[in-house]
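J.: Full structure from sequences and hints, please.
So the protein sequences, as listed, match chains A and B.
Residues 1 to 113 (the numbering used here) are what the first sequence spells out, left to right.
Residues 1 to 117 (the numbering used here) are what the second sequence spells out, left to right.
For the record, the hints were derived by calculation from the structure and aren't laboratory data.
Watch out, some of these pointers could steer you wrong.
Below, a list of computed lysine-lysine pairs in the DSS-like style, where the Cα atoms sit at most 27 Å apart [unchecked claim]:
(1) B/K55 <-> B/K70
(2) B/K70 <-> A/K44
(3) A/K44 <-> B/K78
(4) B/K73 <-> B/K55
(5) A/K17 <-> A/K44
(6) B/K55 <-> A/K38
(7) B/K78 <-> B/K55
(8) A/K17 <-> A/K38
Here are a few chain B residues that sit away from chain A, every Cβ distance over 12 Å (derived from the structure) [said to hold, decoys possible]:
(9) T5
(10) A16
(11) I46
(12) Q57
(13) T60
(14) S65
(15) N67
(16) Q83
(17) G85
(18) V115
Glycine included, each C-beta is placed from N, C-alpha and C at the ideal position.
Listed below are the residues making up each chain.
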Amino acid sequence: DAMVIQNPRYQVTQFGKPVTLSCSQTLNHNVMYWYQQKSSQAPKLLFHYYDKDFNNEADTPDNFQSRRPNTSFCFLDIRSPGLGDAAMYLCATSRDQGPETQYFGPGTRLLVL
Amino acid sequence: AQTVTQSQPEMSVQEAETVTLSCTYDTSESDYYLFWYKQPPSRQMILVIRQEAYKQQNATENRFSVNFQKAAKSFSLKISDSQLGDAAMYFCAYRFPSSGGSYIPTFGRGTSLIVHP
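T.: As structure tokens, then:
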């Protein structure tokens, strides 16, 4: 089945130790999104790629970066994770930049020790 | 700033009954789209229903329907004949065109729906 896959499902890292979360998709969608979702809060858009075009949200900390080496893969890099970065990270895709339906992965839960 | 408000952190319903989840949004845009997503425990978020702001007719998908009140900026989700599998977190979302042309999604905080057998 075509889908959005996130690995790993759970990630534990140490305070300040760089960590990378990955997302892949078999939908061949042009747009990939990264969200941060903390408990009882709305998913917060961090950034998105339209093809190779990177779009950063204004309030996304510099500590968060992303790479999209090809259509299928997108990575979220947290350079120096703090305790406040512990959250669920959701990857999503959509076919285009319009008001398309988004397809979400199952998320990666990040724990920072 | 565009905001989406879900005022009910938690709702409960008896199996086979009807429940309505509320959502309001704040916008000055005329071109926008509204969505309800369902996130079951430990599973991915999936689309339940969507509504185009330019359409007056309320969207319906099987047991799920919306009450879209554009002037009031209200977009509630009605679930009829509730089933145990409907238990999940429900997110209301709004997408509007940014200056760059992409439709930026904004989510509410979610409503946790509990279904009692």
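J.: A separate judgement is required for each hint: does it hold in the structure or not?
T.: Structure-based check of each hint:
1. B/K55 <-> B/K70: holds (10 Å)
2. B/K70 <-> A/K44: This hinted pair holds, its Cα atoms lying about 25 Å apart.
3. A/K44 <-> B/K78: This hinted pair holds, its Cα atoms lying about 25 Å apart.
4. B/K73 <-> B/K55: holds (14 Å)
5. A/K17 <-> A/K44: Given that 27 Å is the threshold and the Cα spacing comes to 23 Å, the pair holds.
6. B/K55 <-> A/K38: Status violated; Cα separation ~33 Å.
7. B/K78 <-> B/K55: Between B/K78 and B/K55 the Cα gap is close to 18 Å, so the pair holds against 27 Å.
8. A/K17 <-> A/K38: holds (20 Å)
9. T5: violated (10 Å)
10. A16: holds (29 Å)
11. I46: Violated, because the least Cβ-Cβ distance between B/I46 and chain A comes to about 7 Å, which does not exceed 12 Å.
12. Q57: Correct as stated: the minimum Cβ-Cβ distance to chain A is 17 Å, above 12 Å.
13. T60: For B/T60, whose nearest Cβ neighbour in chain A is about 16 Å away, the distance exceeds 12 Å, so it holds.
14. S65: holds (18 Å)
15. N67: holds (20 Å)
16. Q83: The claim holds: B/Q83 sits with its nearest Cβ about 22 Å from chain A, beyond 12 Å.
17. G85: holds (17 Å)
18. V115: holds (20 Å)
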